[in-house]
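Okay, here's what each chain looks like letter by letter:
Protein chains: 2
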Amino acid sequence: MNGHESEDLADQLHSAALHLLRQLRKEDDASGLSAPRLSALSVVVFGGPLTLGELARAEQVRPPTMTRIVTGLEKDGLIKRKGDPRDRRLTHIEATPKGHKVLAAGRARRVEKLASAVGKLERKELAELRRGVQLVREVVASMRGKPA
Amino acid sequence: MNGHESEDLADQLHSAALHLLRQLRKEDDASGLSAPRLSALSVVVFGGPLTLGELARAEQVRPPTMTRIVTGLEKDGLIKRKGDPRDRRLTHIEATPKGHKVLAAGRARRVEKLASAVGKLERKELAELRRGVQLVREVVASMRGKPA
DNA sequence: GGGAGATCGTTAGCACGGCTAACAATGTCT
DNA sequence: AGACATTGTTAGCCGTGCTAACGATCTCCC
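So the sequences go chain by chain: S and L. Residue 166 is where the first sequence ends in our numbering, and the numbering goes up by one at each step. Residue 166 is where the second sequence ends in our numbering, and the numbering goes up by one at each step.
Treat the hints as calculated values from the structure; they're not laboratory data. The beta carbon of each residue, even a glycine, is placed where N, CA and C say it ideally should be. Some hints here could point you the wrong way.
[Claimed, not checked] Label-pair ranges, simulated between beta-carbon atoms:
hint: 1; chain 1: S; residue 1: LYS119; chain 2: L; residue 2: LYS100; range: 46 to 54 Å
hint: 2; chain 1: L; residue 1: ARG141; chain 2: S; residue 2: ARG104; range: 50 to 58 Å
hint: 3; chain 1: S; residue 1: GLN30; chain 2: L; residue 2: GLN30; range: 43 to 51 Å
Working from the sequences, and respecting the hints, build out all of it.
What follows is the structure, given as structure tokens:
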């Protein structure tokens, strides 16, 4: 087994993700949204209305955590809670127009940042990066599958 | 400009990093160390003794934050503070034998996890992933260069 | 119908990590 | 010696993650 290679790769992946998020966080601060809130908002905007529990599972956090994230987003007027008439335990969550707008703005900001950071990358490298991201997604999915 | 591509890539990179870290955090929990602590310990172990300020810069956090991380690591007996006789403002930080051991163990654990997650990846994909990680590192470095 | 149990979301309370502001201690430089 | 800079710490705020416990609601089965 190529233990050494995997070992290095694990560490570098870990480190790269950590530092990338620290950088992106700074940028996303401009929208007044933390990474978890932005991520959750994104899911709500693109994933249509969904319940709090579904959102928690999608974001891989526990319900109490999602309750607070949602509360924060609602306080900012970015999303809205809606009760379900058929099952009154459920809370459906949907994005407000402002939510759509803020997400788009943050997206634009991040793109601008990434664009400058990616400026020196050749078209070919862009494709390689995209491929790498895809592989990371697969790895994460694989990890989720077999817990520990 | 290929705005659409960059936009998607930015989001996916963001999301992938976020979810990857959430998964790795669970694994690293087994060592009783959070991601920031583990990362800092790693720098100390491989980067030799260095001052708290240097460590803070390396980890891209503010000194007060690093003070607490270091305090936690010291309480666990993984690192040791050492005063500088020549400049008594400085605090040198070095890993204890236990620190080396714990880091190695966590590393092994993570490798095991990654190995299973990567099991379905072909050798070629491994190389692609490595390439992707390298590009992420460059992007992060580029971001650091031009702040905002 | 009615009670047992499952499910959903919330609240309470803990630990941690990020920040700024303010401070003491120390070093440096004029 | 005195003014200034640098280093690390403390205090205090906010956000994120968790578990435990709870109320409300739904379901299922007798």
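Hints versus structure:
At about 53 Å, the CB distance of S/LYS119 to L/LYS100 agrees with the hint of 46 to 54 Å. A beta carbon spacing of about 52 Å between L/ARG141 and S/ARG104 agrees with the range 50 to 58 Å that was offered as a hint. The hinted range of 43 to 51 Å is not satisfied by S/GLN30 and L/GLN30, whose Cβ atoms lie roughly 19 Å apart.
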